[in-house]
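Quick mapping for you: the protein sequence lines, in order, are chains A and B.
Take the position in the first sequence, starting the count at 1, then add 196; the result is the number in this note's numbering.
Take the position in the second sequence, starting the count at 1, then add 196; the result is the number in this note's numbering.
Source of the hints: derived by calculation from the structure; they are not laboratory data.
Any given hint might turn out to be false.
Repeated chains share a single entry, so a pair holds when one copy, or any two copies, can fit it.
[As the list claims (entries may be wrong)] Capping the alpha-carbon separation at 30 Å, the derived lysine-lysine pairs in DSS-like fashion look like this:
{"#": "1", "residue 1": "Lys-495", "residue 2": "Lys-451"}
{"#": "2", "residue 1": "Lys-495", "residue 2": "Lys-384"}
{"#": "3", "residue 1": "Lys-266", "residue 2": "Lys-451"}
2 protein chains.
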Amino acid sequence: MSDKILIVGAGAIGGFYGGLLAKAGAEVSVVCRSDYDIVKQQGYRIDSCDLGKWRFMPEQVLQHAGDYRKDADYLILCTKVTADMDRVGLIRDAVRPDTAIVFIQNGVEIEAELQQAFPDNQLVSGLAFVCCNRLQAGEIRHLAYGRLMLGNLPAGISAKTRHLQQLFTQAGIECVASEDIVAGRWQKCVWNAPFNPLSVLSGGLPTLAILRQQEALVRRIMREVRDIAAACGHPLNDDVIETNIQNTYAMPPYKTSMLLDFERGHAMETEAILGNAVRAARRQGIACPTLETLYALMKLRELQIRSQCP
Amino acid sequence: MSDKILIVGAGAIGGFYGGLLAKAGAEVSVVCRSDYDIVKQQGYRIDSCDLGKWRFMPEQVLQHAGDYRKDADYLILCTKVTADMDRVGLIRDAVRPDTAIVFIQNGVEIEAELQQAFPDNQLVSGLAFVCCNRLQAGEIRHLAYGRLMLGNLPAGISAKTRHLQQLFTQAGIECVASEDIVAGRWQKCVWNAPFNPLSVLSGGLPTLAILRQQEALVRRIMREVRDIAAACGHPLNDDVIETNIQNTYAMPPYKTSMLLDFERGHAMETEAILGNAVRAARRQGIACPTLETLYALMKLRELQIRSQCP
Chain A
197 MSDKILIVGA
207 GAIGGFYGGL
217 LAKAGAEVSV
227 VCRSDYDIVK
237 QQGYRIDSCD
247 LGKWRFMPEQ
257 VLQHAGDYRK
267 DADYLILCTK
277 VTADMDRVGL
287 IRDAVRPDTA
297 IVFIQNGVEI
307 EAELQQAFPD
317 NQLVSGLAFV
327 CCNRLQAGEI
337 RHLAYGRLML
347 GNLPAGISAK
357 TRHLQQLFTQ
367 AGIECVASED
377 IVAGRWQKCV
387 WNAPFNPLSV
397 LSGGLPTLAI
407 LRQQEALVRR
417 IMREVRDIAA
427 ACGHPLNDDV
437 IETNIQNTYA
447 MPPYKTSMLL
457 DFERGHAMET
467 EAILGNAVRA
477 ARRQGIACPT
487 LETLYALMKL
497 RELQIRSQCP
Chain B
197 MSDKILIVGA
207 GAIGGFYGGL
217 LAKAGAEVSV
227 VCRSDYDIVK
237 QQGYRIDSCD
247 LGKWRFMPEQ
257 VLQHAGDYRK
267 DADYLILCTK
277 VTADMDRVGL
287 IRDAVRPDTA
297 IVFIQNGVEI
307 EAELQQAFPD
317 NQLVSGLAFV
327 CCNRLQAGEI
337 RHLAYGRLML
347 GNLPAGISAK
357 TRHLQQLFTQ
367 AGIECVASED
377 IVAGRWQKCV
387 WNAPFNPLSV
397 LSGGLPTLAI
407 LRQQEALVRR
417 IMREVRDIAA
427 ACGHPLNDDV
437 IETNIQNTYA
447 MPPYKTSMLL
457 DFERGHAMET
467 EAILGNAVRA
477 ARRQGIACPT
487 LETLYALMKL
497 RELQIRSQCP
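Chain A with its partners taken away, still in its complex shape (with noise of 0.2 Å):
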């Protein structure tokens, strides 16, 4: 029998990966709501860089998790980590006993309000290294990587969290888990504590730019990341920081997530991606003066555009 899933927050990511797990054998429905309208008439054509172009019918195509009516095997919760985003409420109606919450996210230490809403689920933590855009409502473009990493929480990885990996692999993506997903994130965060609140805050300078003109700055944010993250008791390999400028160097140049939010006017991970940092920081006792000063920044940067608004 195939596994039924349930995708909350089905935009570019997670109508890329739902779509994925669909051409893998998997029973999947979305909930979406900007889109809603298209997606049930027409589901999503989905253009990919090296895994070919398809159509991605939902099995079920809903408004509010509460409508799904089947017992999910794994929910996987794509949305943005955002203030303004109840992550908790969003899922909660479409979550059983055995259903395994997954939340393909950004950020660091967003596990907790997860864990405490649901203390008996089995949690699977989330990476996702890809370059997906939603084109229009229902169309969705991946333009390059890919990657996903996956891991239980609080560590170690479940044989249900392996049969997801395996549908991911069959689909033709990468797909790794990690015993120690925490250190995961924490390295993603090594690249985005940077290249996220620089791009914006540079005015909308694109990764190379940032790493050509100011790589010391760059080098000073991540290593303020490993320290929290080593504080923390998640010590990063010593390569992480020459690694992620060497393939930061390598890498086309690129709008970093945050910018492209910044540029349409959405909310920004600013909380996930910087503010819980500064705030694991602040708890170990570990100074990070750079990362506080871009929190302090960006916050400003988000009270001016507020100021804006009519």
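Based on these hints, arrange chain B on the given structure of chain A.
Quick look at chain B alone, frame taken from chain A:
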């Protein structure tokens, strides 16, 4: 016989103070480039919040300092201090052996360039605490404040500086003389270093909003400037931060000069205000992580502005 004064860079600040000196009976000429035609014809119309309205007809209106045919008692330089401004070249041809060179400009550690070029002249460092706008060519509005601080380099107060102070005082503007004007410059930087870059990097917030939202950040920046000043041999008063914070809460919300330059697409005084402070810290072996971050961000912002230009 009246004092012969040449103002170089006679925009809002230079025109305003030049107009005051003319009121006090000095023979004031100006070098102004962009508004030359209008000022040559009509002089300046100055509208002050507390010193009335008057027309200031300069003795001579010139396009180049070298066109000045007299021996200036005082040459007062009032341009911005930006990378593309050759301060020495602007004034060299009008400097005579007895000319006191006065610069009323923003920033720290901006003295050396002039000291090296004119080792035998009296050098007077000046700070203006004033809010003046150029409304259009030849029209200046004085909005608030106006206090001047003058002092000789490397320190002390000469008779010639006292005399200039008296001229300003006669004209109705508060003018104090300082035995340690270099400390005065650092003291002004305690305010400039946070509010100027934060106003730009926040996307345009006025001073009060910045302070209300991020007082802790503002205080961190102020402490770093205070510590650099002390390391450079210019310890500031213990209450310098508290006074600046309270004064800023009491001021009407204010757009900084750097924000005005930014909005008008003009060069910003990033190096004079931030870069020089950071370099002084590095020279003294003092850490200033917040200033380092602001400075790097301003350089990224400037890079982004240049990359937008055709």
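Between copies, within a copy, both or neither: which fits Lys-266 and Lys-451 at Cα up to 30 Å?
The answer is neither: 39 Å in one copy and 58 Å across copies each exceed 30 Å.
30 Å Cα cut-off: does Lys-495 pair with Lys-384 within a copy, between copies, both or neither?
Answer is both: 22 Å inside a copy and 26 Å across each meet the 30 Å cutoff.
Can you give me the call for Lys-495 and Lys-451, within, between, both or neither, at a CA distance of at most 30 Å?
So Lys-495 and Lys-451 pass the 30 Å test inside a copy (20 Å) and across (19 Å) alike.
In summary, the one numbered hint that this structure violates is 3.
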